[in-house]
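Model the full assembly from the supplied sequences, consistent with the hints where possible.
There are 2 protein chains.
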Amino acid sequence: MMNLENYIRDVEDFPKKGVLYKDITPLLKSHEATSNALDQFIDQLKGQKIDKVVGIESRGFLFGILLAQKLNVGFVPIRKPGKLPSETLKSTYDLEYGKDTIEIHKDAIETGEQILLHDDVLATGGTAAAACQLIEELGGELVQTNFLLEISALNGVEKIKQYPCVSLLKY
Amino acid sequence: MMNLENYIRDVEDFPKKGVLYKDITPLLKSHEATSNALDQFIDQLKGQKIDKVVGIESRGFLFGILLAQKLNVGFVPIRKPGKLPSETLKSTYDLEYGKDTIEIHKDAIETGEQILLHDDVLATGGTAAAACQLIEELGGELVQTNFLLEISALNGVEKIKQYPCVSLLKY
Numbered sequence: 001m002m003n004l005e006n007y008i009r010d011v012e013d014f015p016k017k018g019v020l021y022k023d024i025t026p027l028l029k030s031h032e033a034t035s036n037a038l039d040q041f042i043d044q045l046k047g048q049k050i051d052k053v054v055g056i057e058s059r060g061f062l063f064g065i066l067l068a069q070k071l072n073v074g075f076v077p078i079r080k081p082g083k084l085p086s087e088t089l090k091s092t093y094d095l096e097y098g099k100d101t102i103e104i105h106k107d108a109i110e111t112g113e114q115i116l117l118h119d120d121v122l123a124t125g126g127t128a129a130a131a132c133q134l135i136e137e138l139g140g141e142l143v144q145t146n147f148l149l150e151i152s153a154l155n156g157v158e159k160i161k162q163y164p165c166v167s168l169l170k171y
Numbered sequence: 001m002m003n004l005e006n007y008i009r010d011v012e013d014f015p016k017k018g019v020l021y022k023d024i025t026p027l028l029k030s031h032e033a034t035s036n037a038l039d040q041f042i043d044q045l046k047g048q049k050i051d052k053v054v055g056i057e058s059r060g061f062l063f064g065i066l067l068a069q070k071l072n073v074g075f076v077p078i079r080k081p082g083k084l085p086s087e088t089l090k091s092t093y094d095l096e097y098g099k100d101t102i103e104i105h106k107d108a109i110e111t112g113e114q115i116l117l118h119d120d121v122l123a124t125g126g127t128a129a130a131a132c133q134l135i136e137e138l139g140g141e142l143v144q145t146n147f148l149l150e151i152s153a154l155n156g157v158e159k160i161k162q163y164p165c166v167s168l169l170k171y
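Here the protein sequences line up with chains X and H, keeping their order.
Here the numbering used here is used: the first residue of the first sequence is 1, the next is one more, and so on.
Here the numbering used here is used: the first residue of the second sequence is 1, the next is one more, and so on.
These are calculated hints, taken from the structure and not from any lab test.
Wrong hints could be hidden among the right ones.
Counterexamples of contact, computed for chain H against chain X with all Cβ distances above 10 Å [what the hints assert, rightly or not]:
1) Tyr21
2) Gln48
3) Glu57
4) Leu89
5) Thr92
6) Leu95
7) Thr111
8) Ala129
9) Gln144
10) Ser167
Under the rule of at most 16 Å between Cα atoms (straight-line distance), these lysine to aspartate or glutamate pairs were calculated in the EDC-like manner [claimed, not checked]:
11) H:Lys159 with H:Glu87
12) X:Lys70 with H:Glu12
13) X:Lys80 with X:Asp51
14) X:Lys170 with X:Asp120
15) H:Lys83 with X:Glu136
16) X:Lys83 with H:Glu12
We put the beta carbon where it would ideally sit given N, CA and C, even for glycine.
Right under this line is the structure:
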């Protein structure tokens with residue numbers, strides 16, 4: 001199996017002093033690594049039925065739409081406030097400093113649909129937990145959350161522990 | 001051939017009064033429509049060799065990465081300022097009110113690589129022209145620009161007329 005870790009670049013002091021940033025652009029630049037990560041995500045679903053894939057703006061759009069196409073299902077974007085033009089549900093959550101909000105179109109999910117939620121990185125889990133809440137408010141059944149990589153020290157899995165969670169890489 | 005127009009939703013007065021917004025989320029929500037749009041993009045390349053696909057944040061990430069995977073090549077994101085962690089090239093361009101900046105990683109493209117640029121909408125062409133400039137500064141050869149839809153009245157094609165341009169839908 002390909003070691004995806006070789007395609008993640010460490011960048012020191014980004015976005016601020018003392019932070020070691022995990023850059024996924026080398027992985028995206030490699031067709032083979034992207035394709036391999038996609039296959040690993042599919043394997044981890046273990047054949048469970050998925051009706052829609054939800055991806056979180058903006059890097060969650062990347063493997064989100066790839067997964068949707070691979071699974072032959074539709075893709076639903078969760079976006080930052082004010083970006084989705086039709087009627088939305090919003091969820092506001094706490095950040096280290098301040099708050100943030102995400103939105104989903106109200107007509108994006110039908111009651112009872114089996115949902116896969118994807119984002120590129122699981123850090124504190126605040127965004128992911130807010131996204132799970134939106135999906136459930138729309139009547140979706142969250143089958144799995146998945147992430148390219150997880151910053152384990154931040155313990156984001158705790159915030160979404162009621163759902164099966166897959167991360168291809170853990171730091 | 002599937003009429004993709006049926007999957008674009010008109011939203012009045014978004015993002016501001018008097019604007020008729022073209023919402024692509026119904027297309028994304030349909031696996032068949034997404035798949036059909038992808039096939040149309042591939043057809044329009046007419047077999048030309050592509051080494052990398054560049055997609056513009058954030059909706060340009062969607063078909064950008066799908067095209068890259070379909071063509072078996074890497075994907076390169078162009079992002080809003082301050083998002084890319086490693087060394088970047090920047091381009092600043094005029095908006096209706098004020099200015100905007102986009103960035104690309106300096107190591108994203110090798111000299112002489114054949115590049116396909118994708119974004120979801122071609123409006124005034126400001127962002128697309130700035131993206132083309134970044135790609136050429138890195139030594140990339142722009143083979144084609146493509147867009148899901150084009151707002152013809154804004155004449156964005158004029159700003160990128162030195163490159164072949166494909167839009168699946170024109171309004």
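To see whether the hints hold, each was checked on the structure:
| no. | hint | in the structure |
| --- | --- | --- |
| 1 | Tyr21 | 5 Å, violated |
| 2 | Gln48 | 17 Å, holds |
| 3 | Glu57 | 5 Å, violated |
| 4 | Leu89 | 14 Å, holds |
| 5 | Thr92 | 20 Å, holds |
| 6 | Leu95 | 16 Å, holds |
| 7 | Thr111 | 15 Å, holds |
| 8 | Ala129 | 21 Å, holds |
| 9 | Gln144 | 18 Å, holds |
| 10 | Ser167 | 20 Å, holds |
| 11 | H:Lys159 with H:Glu87 | 27 Å, violated |
| 12 | X:Lys70 with H:Glu12 | 33 Å, violated |
| 13 | X:Lys80 with X:Asp51 | 23 Å, violated |
| 14 | X:Lys170 with X:Asp120 | 12 Å, holds |
| 15 | H:Lys83 with X:Glu136 | 30 Å, violated |
| 16 | X:Lys83 with H:Glu12 | 14 Å, holds |
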